[in-house]
Amino acid sequence: MIHNRDSFLDNIAERLGRSRNTSVKPDGNWAFRPQDKTLTGKTADELMEVLRNQCRLIHTELIETSSDKLAAVLESTVNLYGGGPISLWRDLRFDEFGLGKLVRETWPARSVEVNEWDSNRGKENIAEAERANIGITFSDMTLAESGTVVLFSSSDKGRSVSLLPHKYIAIIPKSTVVPRMTQAAQEISRRVQTGETIPSCINFITGPSNSADIEMNLVVGVHGPVKAAYIIVEDR
Amino acid sequence: MAMKIGEGKFKDNVNENMQDTFMRGAVAGAQERLRTRRLDAAEELGNWEEWRSHGEEIRKHVLDNLDYYLHELAENVQKRGGHVYFAETADEANAYVREVVNSKNGKKIVKSKSMVTEEIGLNQILEEEGCEVIETDLGEYILQLDDHDPPSHIVAPALHKNKEQIRDVFAEKLDYKLTSKPEELALHAREKLRQEFLTADIGITGCNFAISESGSISLVTNEGNARLVSALPKTQITVMGMERIVPTFEEFEVLVSLLTRSAVGQKLTSYITALSGPRQDGDADGPEEFHLVIVDNGRSKILGTEFQSVLQCIRCAACINVCPVYRHIGGHSYNSIYPGPIGAVLTPLLGGYDDFKELPYASTLCAACTDACPVKIPLHELLHKHRQVIVEKEGRAPISEKLAMKAFGLGASSNPLYGAGSKMASTVMKPFTKDGRISNGPGPLKTWTEIREFPAPNKERFRDWFKEHESGGVKK
Numbered sequence: 001m002i003h004n005r006d007s008f009l010d011n012i013a014e015r016l017g018r019s020r021n022t023s024v025k026p027d028g029n030w031a032f033r034p035q036d037k038t039l040t041g042k043t044a045d046e047l048m049e050v051l052r053n054q055c056r057l058i059h060t061e062l063i064e065t066s067s068d069k070l071a072a073v074l075e076s077t078v079n080l081y082g083g084g085p086i087s088l089w090r091d092l093r094f095d096e097f098g099l100g101k102l103v104r105e106t107w108p109a110r111s112v113e114v115n116e117w118d119s120n121r122g123k124e125n126i127a128e129a130e131r132a133n134i135g136i137t138f139s140d141m142t143l144a145e146s147g148t149v150v151l152f153s154s155s156d157k158g159r160s161v162s163l164l165p166h167k168y169i170a171i172i173p174k175s176t177v178v179p180r181m182t183q184a185a186q187e188i189s190r191r192v193q194t195g196e197t198i199p200s201c202i203n204f205i206t207g208p209s210n211s212a213d214i215e216m217n218l219v220v221g222v223h224g225p226v227k228a229a230y231i232i233v234e235d236r
Numbered sequence: 001m002a003m004k005i006g007e008g009k010f011k012d013n014v015n016e017n018m019q020d021t022f023m024r025g026a027v028a029g030a031q032e033r034l035r036t037r038r039l040d041a042a043e044e045l046g047n048w049e050e051w052r053s054h055g056e057e058i059r060k061h062v063l064d065n066l067d068y069y070l071h072e073l074a075e076n077v078q079k080r081g082g083h084v085y086f087a088e089t090a091d092e093a094n095a096y097v098r099e100v101v102n103s104k105n106g107k108k109i110v111k112s113k114s115m116v117t118e119e120i121g122l123n124q125i126l127e128e129e130g131c132e133v134i135e136t137d138l139g140e141y142i143l144q145l146d147d148h149d150p151p152s153h154i155v156a157p158a159l160h161k162n163k164e165q166i167r168d169v170f171a172e173k174l175d176y177k178l179t180s181k182p183e184e185l186a187l188h189a190r191e192k193l194r195q196e197f198l199t200a201d202i203g204i205t206g207c208n209f210a211i212s213e214s215g216s217i218s219l220v221t222n223e224g225n226a227r228l229v230s231a232l233p234k235t236q237i238t239v240m241g242m243e244r245i246v247p248t249f250e251e252f253e254v255l256v257s258l259l260t261r262s263a264v265g266q267k268l269t270s271y272i273t274a275l276s277g278p279r280q281d282g283d284a285d286g287p288e289e290f291h292l293v294i295v296d297n298g299r300s301k302i303l304g305t306e307f308q309s310v311l312q313c314i315r316c317a318a319c320i321n322v323c324p325v326y327r328h329i330g331g332h333s334y335n336s337i338y339p340g341p342i343g344a345v346l347t348p349l350l351g352g353y354d355d356f357k358e359l360p361y362a363s364t365l366c367a368a369c370t371d372a373c374p375v376k377i378p379l380h381e382l383l384h385k386h387r388q389v390i391v392e393k394e395g396r397a398p399i400s401e402k403l404a405m406k407a408f409g410l411g412a413s414s415n416p417l418y419g420a421g422s423k424m425a426s427t428v429m430k431p432f433t434k435d436g437r438i439s440n441g442p443g444p445l446k447t448w449t450e451i452r453e454f455p456a457p458n459k460e461r462f463r464d465w466f467k468e469h470e471s472g473g474v475k476k
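Protein sequence lines, in the order shown, are assigned to chains A and B. Just so we're aligned: the first sequence equals residues 1 to 236 in the UniProt record's numbering. Just so we're aligned: the second sequence equals residues 1 to 476 in the UniProt record's numbering.
Chain B on its own, in the form it takes in the complex (with noise of 0.2 Å):
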């Protein structure tokens, strides 16, 4: 899998997805929840406004001298014992990756939770290579059993499945008795992961974020499966995103502070762990061989753009879980490992706009997003503007949208055309209004008016009201 995690265009994505009440069910009440643990947490913090101004400043900061942090992240690395690979492309990154499983002699991998592993697909060439790669996170874990379920939220992968669902995949591929009790589905996942993670080859990890004067490496869980990925097989390989970094221990901290609060609303999440290159002399566990793959895969290219501060993003999917759109819809619509609002900004950047120029307009411009986001990314402004460029530069208006704005044109740019428009539209549109509303239009209407209503053009025109009114206010 890699970033683009389907080939069905938008607008059938949604309408099938439109239809699974399980899935919008869970949806809402998942937004709900994390929505609200989220405005406790911060409300609890006090001066949340504060601590995100104070995140916004340090993404920023490290954005604009990133050489700087990352060349000391490596010299430090590599004081520490451990080897770390610049990946330009997920080519590269795949490549090395798997260069290094094969100078193992490596056969079984266990992998904690990464976004950007799935990003560049790196499970489907190490399996082409004949390893078993094994997800440990409690919900891809189900996905993966699941012949590859991609995965329908960035914190929450699994949120689209319910416990009935699971419990049916767990009979088919692991031969499961029990019932569909969360706890007994988590227990028996313990029971067979426990074995896969003691007899591991490699443990692949994600990183929520690298600490640069330190070479340390840093991964937040509540599972503990990213702990048993870098303690127990012998050689470990960590994949980051190239921004994903900060200077010091010190704004590590802030931005955990932000990161588990927005995405759970905890105030720090049962395991947060710090590595610092490979074993030391005299450990008896933690990995013999410790591996940092830096990868760019398209994100400099956002570097320096009017888009930079998307890569201020610690992927907390705060602003996914308040997007009135990605409740409707649902993460599987988006066609990206990266949904919701960050997600629509994110994706064109990272994949093009010829398979992602719909998603800046899954947005309704509320700016619930920008709201929520603890570095405040400007998400519904960035929206506002992947819609201009696709305009202005592309020339890749949607198609009624440029039909309607051609008959606009056409219209309003002729005085007895308007005039005769205008007069007429209410006895045209009769036959669809009741009541004032049209809700089953006809045309370039019909997309509108499937999922809301639209108000029906008033049978007296502003400028007859006015010619009326001009004299006075009184009428004639």
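Here chain A stands alone, though its shape is the one from the complex (with noise of 0.2 Å):
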């Protein structure tokens, strides 16, 4: 339902002393576009460099491994931070990176309570979610400027992975890193223009949540995680 736009709209536009355009799309012709000029010309590792920096500025843990070590890394980094309950996504990607055994036989053989997300048992999800220690995703796209991942939410995807339990890790496929904001926000665009229906919620998630609303002081940690590690891993 939409109220009362019609008379909203026609007050807008007299004030702009005109009749009311709702059908021309205004064409925005910018004389600036430094956003093309601004880390683009990075090679892959420079942008890994950008990407190392910026993790230290961001109070993140940055671990790169290759793909045949990444589950004893994702092992030994949940161990780090307390270990279980986790709680990930359901993603293809856990078992394209070799993650499969560890998920589903290793962590449980050990009483690691693991989740994964499952819409058809509803809410039930977001208490797992809040009782976990640990919330484990892969990262849909990574800017290195910014030490930045983007996560598309989906039914498989849940809001609650990244944002209620106590730490926070995101698997990084090394592909997924391009140079800043600019390039995610060009792709969703592209997405939108071409009609496919985005995300109901699209997060750039940047490091654990952190505040300084009391005098100023940094505290990392507030509402979301408290601590966030990132691994990337080399593409298989």
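I should point out that these hints are in silico values taken from the structure, not numbers from a laboratory. C-beta atoms are modelled at their ideal positions from N, C-alpha and C, and glycine is treated no differently. Wrong hints could be hidden among the right ones.
Here are the computed lysine to aspartate or glutamate pairs in the EDC-like style, where the Cα-Cα straight-line distance is at most 16 Å [what the hints assert, rightly or not]: (1) A:K37 / B:E49; (2) B:K60 / A:D27; (3) B:K163 / A:E215; (4) B:K234 / A:E124; (5) B:K192 / A:D27; (6) A:K123 / B:E288; (7) A:K123 / B:D201; (8) B:K181 / A:E215; (9) B:K301 / A:E130; (10) A:K123 / B:D281.
Taking CB as the label site, the calculated pair distances span [said to hold, decoys possible]: (11) A:N79 / B:T179: 24 to 34 Å; (12) A:G28 / B:E43: 23 to 33 Å; (13) B:Q78 / A:F152: 20 to 30 Å.
Starting from two chains that each stand alone, build the complex the way the hints lay out.
Encoded structure:
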């Protein structure tokens, strides 16, 4: 439902001194486009260096590994963060990157509680994420400049997994790294313009939650996770 | 609380707040830090001026085509299964939100930081309905617990409070027994508020930018509270000022880059969330119902006037963080939820000159605000325009200025009077003069010399000096 739109927009048009335009798409014709020149000339290795340096500023541990060592690295990072319960997305990439055994066999065998997001179980997913010590997701796009993982939600990829647990681990396939938010925005806009339905929630996450509301002192860990780690993995 | 946060006169507020040494220290320290961080972040980007120019052209374009983009936004929100309500006034916006809350039998409401809901006084309306309304931004939570102490800064609302004061508030209201360490205070708030998020019926958010092409709204935070507000309750209501919109994700990205750098010197904040409608089929979190309330509340009256550029504002507070006047008098002196240079321009436009005619004078016109603004609002020029309007159209210059101008007009319009006056000035002012400066002036000079010295009139008048020197520079 849309309420009161016509009168509201008529008033705006009148103030602007013309009649209402709702049909002719205005052309931006931008005179400036600084984003096209920002970090765009960098090689993949140079972007990795940008990302590494940025992670030092956002209180986020950065671990680099190859795909054959990923399972071992993830396991030790989880141990370092105090183990389960673990909450994670239902995401084919866990298998593609050789983590299926860890998730479905190794951890359960050691009585580490692992909950995979399952939309059929509705609200229970939220309760599990709330109970979890660690939430684990893959990154859909990764922004080198700001050290940001971009997460596209879906019925298998709940918003709560990167939000409610006490700690958060993002697995970043190296191929997802782009220079900055510009490239992510262009990709999302491309999807919109080709008529794709974009996710109901797109999160740009940069490290753990924090606040400077008390005397401008930085406190890391407020409403979201109090710690965050990124594991960067060479693609298979 | 509406936009106006106090009944005190501007001058009384200033006198009172100038005595608050903690507040003044806190404000000065915060200004230093935020200003330095912004400059570092801007320098790192390399071509900051180009970014500003792009930000400016985007905001101008949106304002010039606001009807088109708001129409498109509403269409797309509806396509995503959301509801849109266009509210001309604060009352209409509040009535709609109340209606939605009641229809959902909502009792507990969690809110993330929103200036526009403060502006329209939404909390009070909902509390009168018997709802429990909980602010979840840490700064706003502190203020709400402290019997609704008003915010003093648009990004860091509790800037004026120290950690001991905050501990005392927590001890009194939350039975808190730990120390004043910010980490412990924040952890306590986390635990308290987490339970509220999980049990709330309704989530209310503001909106940093709406994205027209996809019908999305966006929330920019560091704490993650806006994510919780929009992920857990069954119903989400988002309230936005009608000008807070961009055409596509590409322009969104540019303005977010300007906002986070200008506000806190971060490349991006911890959480930037773009939400499109309610949860989709199969989603297990996110709201089942989504309402977008688009608020005018006086903004359209600014469109098409010489003040239109103030609507380019993206609420980063960079102007506040460099303002020498804000530094000394603090946010509460402005009597408005919008303090500092942006507040001094915007508040009289939204709230009228009756209550806020002093604000355009709370500036030295030094233009630091204009230089800091990431979307190039000519703030100091708009302050100057306000003064012109107040004097020329409204005929209500401050009384001291009126008297001084009247006296000067009288003296300067008659040659003998001017001659006598300027000859006597030095003698008349002699009792107040020390080392060529006046530090305790009489009459209209008093307000000036309370805070700074005034140069004493020279013993030798220019016209005498000129008479002596006009024959060739040799003193006879």
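Status of the hints after comparison with the structure:
1. For the proposed pair K37 (chain A) and E49 (chain B), the alpha carbon gap of about 14 Å is at most 16 Å, so the pair holds.
2. A C-alpha spacing of about 12 Å is found between K60 (chain B) and D27 (chain A), which places the hinted pair at or below 16 Å, so the restraint holds.
3. A hinted pair counts as satisfied when its Cα atoms are at most 16 Å apart, and K163 (chain B) with E215 (chain A) qualifies at roughly 7 Å.
4. In summary, the hint linking K234 (chain B) to E124 (chain A) is supported, as the alpha carbons are separated by about 15 Å, within the 16 Å threshold.
5. The hinted pair formed by K192 (chain B) and D27 (chain A) fails the criterion: a straight-line CA distance of about 49 Å is larger than 16 Å.
6. With a C-alpha separation of about 12 Å, the suggested pairing of K123 (chain A) with E288 (chain B) holds against the 16 Å cut-off.
7. For the given pair, K123 (chain A) sits about 14 Å from D201 (chain B) by alpha-carbon distance, which is consistent with the 16 Å threshold.
8. Note on K181 (chain B) and E215 (chain A): the hinted pairing holds, with a Cα-Cα distance of about 10 Å set against a maximum of 16 Å.
9. Only pairs whose Cα atoms come within 16 Å are accepted, and K301 (chain B) paired with E130 (chain A) is rejected, the gap being roughly 47 Å.
10. A distance of roughly 14 Å separates the Cα atoms of K123 (chain A) and D281 (chain B); the hinted pair therefore holds under the 16 Å criterion.
11. Here the CB-CB span from N79 (chain A) to T179 (chain B) is close to 31 Å, well matched to the stated 24 to 34 Å.
12. At roughly 27 Å, the beta-carbon separation of G28 (chain A) and E43 (chain B) lies within the given 23 to 33 Å, and the hint holds.
13. Separation of Q78 (chain B) from F152 (chain A) is about 22 Å and conforms to the stated range, judged on CB atoms against 20 to 30 Å.
Hint compliance for this structure: hints 5 and 9 are broken, all remaining hints hold.
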